[in-house]
Amino acid sequence: MLLTTSNALGFPLLSLIVFLPLVGAGLLALLPKRQDGLIHATALFIAGLDLVLALVLFGSFDRGWADPATQSIQHGMRLGAGFQFADPERLPLNWLPGGISYQLGVDGISVVLVLLTALLGFLALLFSSLHVGHRVREYGIWMLILQTGMLGVFTALDLFLFYVFWEASLIPMIFLIAIWGGRERIYATFKFVLYTLAGSALMLVALVALGQLMGRPVCGSAPDCHPYHFFTLLAAPSLPLATQALLFGAFALAFAVKVPLFPFHSWLPDAHVQAPTAVSVILAGVLLKMGGYGLLRFCLPLFPKAAVAAAPAFLLLAVIGIWYGAWVAFAQTDMKKLVAYSSVSHMGIVILGIFSFNEQGLAGGALQMINHGLSTGALFLLVGMLYERAHSRQIADFGGLWQVMPRFSVVFLVVLFSSVGLPGTNGFVGEWLSLLGGFRANMLAGGLAAFGVVLGAAYMLWLYQRVFFGPVRGKSAGLPDLTGPEMLTLLPLVVLIFWIGIYPATILQPIQAAATEWLTYIDSAARLAAGG
Amino acid sequence: MDLHSIGPLAWLIPTFTALAFVVIIGMIVTDRASKNAAWVAVAGIGASTLLALPTFLAALGSASGHGEGEAGGLAIAPFVKQWAWLPMGRDGALNLGIMVDPLSAAAVAMVTVVCTAIFVFASAYMEGEFNNYRDARTGLPDPRTGRNRYARFFAYVSLFATGMLGFVLSSNLLQALLFWEVMGLCSFLLIGFWNFKPSAAAAAKKAFLTTRVGDCFFFLGILGLYWVFGSVDYADMLSKAGIEKLHALAPFAVDIAGHVYAVPVIPLLALLVFGGSVGKSAMFPLHVWLPDAMEGPTPVSALIHAATMVSAGVFLVARMYPVFSAATPDHPGYISGPMFVVAALGAFTAILAATIAVAQYDIKRVLAYSTVSQLGFMVAALGIGAYVAAVFHLLTHAFFKALLFLGSGSVIHGMEHGMHHGQDGHGDGHGSGHGSGHDEQAAPYQPRRIGGVLAADPMDPQDMRNMGGLAGKMPWTFRTYVIGTAALTGIPLLAGFWSKDEILAEAFHKGVQSQIAIALIVYVLLTAAAFFTSFYMWRQVFMVYAGKPSTEMAAHAHESSPAMTGPLIFLSIFAALLGFVGVPEGLPGIGPALGNPFHHFVGALTASGSHFEALAFDWTPMLISTVVAFLGLGAAWWVYGRDPAAARARDPLARLGRLWALLNNKYNLDEVYGLVVTSNPRIHGEADVTEHDKTVAERLGKLIGLTDAFSRLNGQIDARLVDGAVNLAARLGEKFSRFNGLLDRYVVDGAVNLVAFAGLDLSRGLKLLQTGRVQQYALIVLFALLFLVGALVM
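Note that the protein sequences, when read in sequence, are chains H and C.
If you count by this note's numbering, then the first sequence holds residues 3 to 534, one letter each, in order.
If you count by this note's numbering, then the second sequence holds residues 64 to 857, one letter each, in order.
Mixed in with the good hints, there may be bad ones.
DEER-style ranges, computed between Cβ atoms [claimed, not checked]:
id, chain 1, residue 1, chain 2, residue 2, range
1, H, 248, C, 92, 52 to 60 Å
2, H, 479, C, 624, 35 to 43 Å
3, C, 146, H, 37, 14 to 22 Å
Covered stretches of chain H, as calculated for chain C (at least 3 residues, CB under 8 Å) [as the list claims (entries may be wrong)]:
id, region
4, 123-132
5, 252-258
6, 452-462
7, 465-475
Bear in mind the hints are in silico, worked out from the structure with no lab data behind them.
We treat Cβ as the ideally placed atom computed from N, Cα and C, and that holds for glycine.
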């Protein structure tokens, strides 16, 4: 059931979504250089169109368990299973020699990530169109290429294809930070690239080994077999634990750097702070999710034994990350850096959920990725908007913003409460599920993680009190409130924060269906014994 | 009306107020904010009330045997209606829903009625916000912002009421947490309503974080209960089957360094849930937020202290009572381990707060500590198994404490009128963009201490030492205030007399007759607390109302408008008469005639099937508590009533010296917690800080600063050690790079930074030791609580 593909539309929607930004980038290259307005508008149009397509995708995604009461498998065929919108629908396309294939598809988890990517990509460009005036054409081109890379990562069904997209998303990031970044941008770029490359180099080696050790034996000498295709690997007999552990380690390291999992996180604050606002949004909102997604999608099902064995270590690191990120966030004086460290803390919750190996945890981890994308994306946008006005992000430079910028203050507060997981916002649902999962897997880990959440509330409120409350102080005086376009940029995020918080089923149902399915797969003893 | 016809509509009760919230926000967003916002809020809560009262009556009807065929039928089979909300995979889904049982029906009736009175009062009280808002920077009138702020206030309080109503009516624990946090959010917004005052901003944060420490335990408790039951529905947890399931659980084995400890699951879960109550109901050691919460406008204090937030904590323990008492199935009269903790903490909080209240001068602060103390009464009552008495006191207290807070609001309002009378003669100043008036004054108030106690700021409209003679100036406020005070202090026949007496009677019965040690301790502590309650409340009445005015402000004060006195009179009727629903049946004369309907209604526990037997009536505790109440009144008269003006000028009890200063400074608890909010020089600024505070601050700060230093240290480790390897690689890369400027930037800058840092480090290291922040305070409390729980469980 799991290893099925379908495409109800009979139309290569996914390929269109993935490559439309790339086409857009090409289009931008043809535009005259000085026409900033036209360039912004074109990039925005492309991203907007992509968002509409992603919404169509999400809307026509077969949710399966529309009613939790009827979540049965009795009908023989369960709706919402497998990968949908596969493109090509039945068989993968031969792409490169060596059996490397091209096929895209989404399940319940990746479909929401695609939507998140399209949304944040659009919002980031919307923000950029208001505030970026330096080398606009190049900027737009890189942003759109980045978009294609990220969308590809979430939809590729062939692991080699996945790797290509993975690396492809790195290159635009380098340029975006190094050219449009802050004062320490070069250093930050170095750090980011070194960290990431170290991870992905290992992943490439492991990927080739995986194809040879797992994929090849299944394929034998069959001509149309694809040893790197996800389905081939899933159908293969499981590897010995030692081999699994090695491959798992290589993949997991690459993903853990991206997440970032403590102690591989130190690239993140620099990169986040130095990157221009819109890139920070993408970096925190989407790029980090590639790590969590990789762990969830590939590490768990392909190396189940190694993953289970490594789970305690990951839970431990997740809990340390939750506490450590929050703790260090206290010591920050720069708002952007504070938000960056909060990411370390929040992504710890994601990892806690994923490595709990139960339905609530997996679904919670996946949902928390979306939530973090929304809330941290919004926080970076807000800090960016403040920076554009006051040219400072120092907490000490502000005070009393509540009186000066009431709209800004309210939106900030909403996002802040989403970030600290207040019930009624999306953060609560994700934290509840992840912590419940963690708690079920390991009471101590779940309990400690829950206390880390209090810490999260503390540093965020501390920030809020100092910047927004009290008498008007420092650079706060006379700042204009949010403009219409800025409100428009933030509106979708605020709406989603409440939507997911109040009616989580919209997003959670596909996630939950996929999580259950994958868990069944991972747990399945039959699979471990299957001969292929 | 039948519960089955009106019950399905109960979800509308919180929805009406939520709608009011949405409508008012809509008014603000579309720039249509006006005084109508208050009426929208009143209409919302009014509609809720109109639905809540018939629901309550219907519940009353079905509980008394007509509905389910037997007494207590509603408690065993409460009315539940729920909808799937959060998909949980193969576990099904979590629900949102409503549950109407005696407890929730009684509570929802109380909440709606009290909130309605508060909202009406606020519509007049907040007019200053509406009329006189001035831009903080320019000082010019800013009517548009004023209108918006007025409307925003009513949006917040409507949401607050929604939180409480949703919490009380919820059918499961997770939903309860959801609405519980909505209250937390609203308290943050409302306490910080005048957040341009640093003290209000700090108090808002303090309230949110302190309660959130408790919430964290609560959350863990919910996780644990879900782990046990696979559900968070009350119907599953609190039913007979659910409790049996709890009993069947094996102790939870904890392996610490090779030693395996068996942790009994029920006490652990019960205490975790209780952690939430400790935060929300302001039990020691998390009580510190509540007195500061009066930084919000006075109607908010009434809302938080009486009808909503703090009641929620007690309500939660009452709701989860079957789990608390389940730890000892075989001895119905016995007090289980978690109940022991509950009782001890409650009684301790009651006496602690009551003694602090004696030495306060701020009219609202006295009431705030009184609330903490009364909550201690309720919690202690639950701890010794006096369930009905606790719920009874919860309800009566809501009425008279709301009355007292609104009364104090009326007094402050009058005082502010008096203050402005002496100056420019227009309008009232509170909330006119400055919260309190004295920052506008020509000669700023210099805080100074006399014998360790802060002297009165002559321009502070809340300081009782500035009052006096208000009985004649504000007759209706005075009369209702006396009724509220009499009710709170347990003067016979008023509401508080009956409910407090019932708690004391049960403690007396269990402590003296059944010889349960903890009940005896509770009895002694609560009786002492009752004496102090009577003393500090009558002290307040004498200081505020008696004698001749001590200041110009008081001399020019005048009665508030009918929109404010009306709710006072309304609430005073309840404060006077509500107790008669719970008169012990055994009381000769009126007892049998009244029949104690309250006990019959609430006395059956939700779903678990147990029923609380009413005690045989005993004159002894009733006489003792009556004597104690009058003793307190008499003592207050002796000290403060004979010459109130002199007592205001120089407090006779200040002769107690250091003890008085200690009480006045709340046992220095805030300082112990890290001097964070009330006296942290950095936050509190010029307002309250004296040398005394600073020395205490410095001493304790050294201890607390260590955690701060640790946080910074982590930051440094992150920047240096963890990055070390990466930086090394980066440096190597630089050599080959074309970015020549880099070397300059790193090497040269680096050297400069190093030198600068070496110098800074020394001073910074020293400075670090003297800072206090709320997060450390939260942490310390957290560890203390963890230790406490751990110690008890072991």
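Here is how each hint holds up against the structure:
A hinted range of 52 to 60 Å for the beta carbons of residue 248 of chain H and residue 92 of chain C is consistent with their spacing of about 58 Å. Against the hinted window of 35 to 43 Å, the Cβ-Cβ separation of residue 479 of chain H and residue 624 of chain C comes to about 37 Å, which satisfies the hint. For residue 146 of chain C and residue 37 of chain H, the hinted distance range of 14 to 22 Å is not satisfied, since their beta carbons lie about 54 Å from each other. Counting residues of the region 123-132 of chain H whose C-beta sits closer than 8 Å to any C-beta of chain C gives 0, which falls short of three, so the coverage hint is violated.
With 0 residues having a Cβ less than 8 Å from any Cβ of chain C, the region 252-258 of chain H misses the three-residue criterion, and the hint is violated. Closer than 8 Å: that is the beta-carbon criterion, and the region 452-462 of chain H has 8 residues meeting it against chain C, so the requirement of 3 holds. Restraint check on the region 465-475 of chain H versus chain C: 7 residues with Cβ-Cβ distances below 8 Å, three needed, restraint holds.
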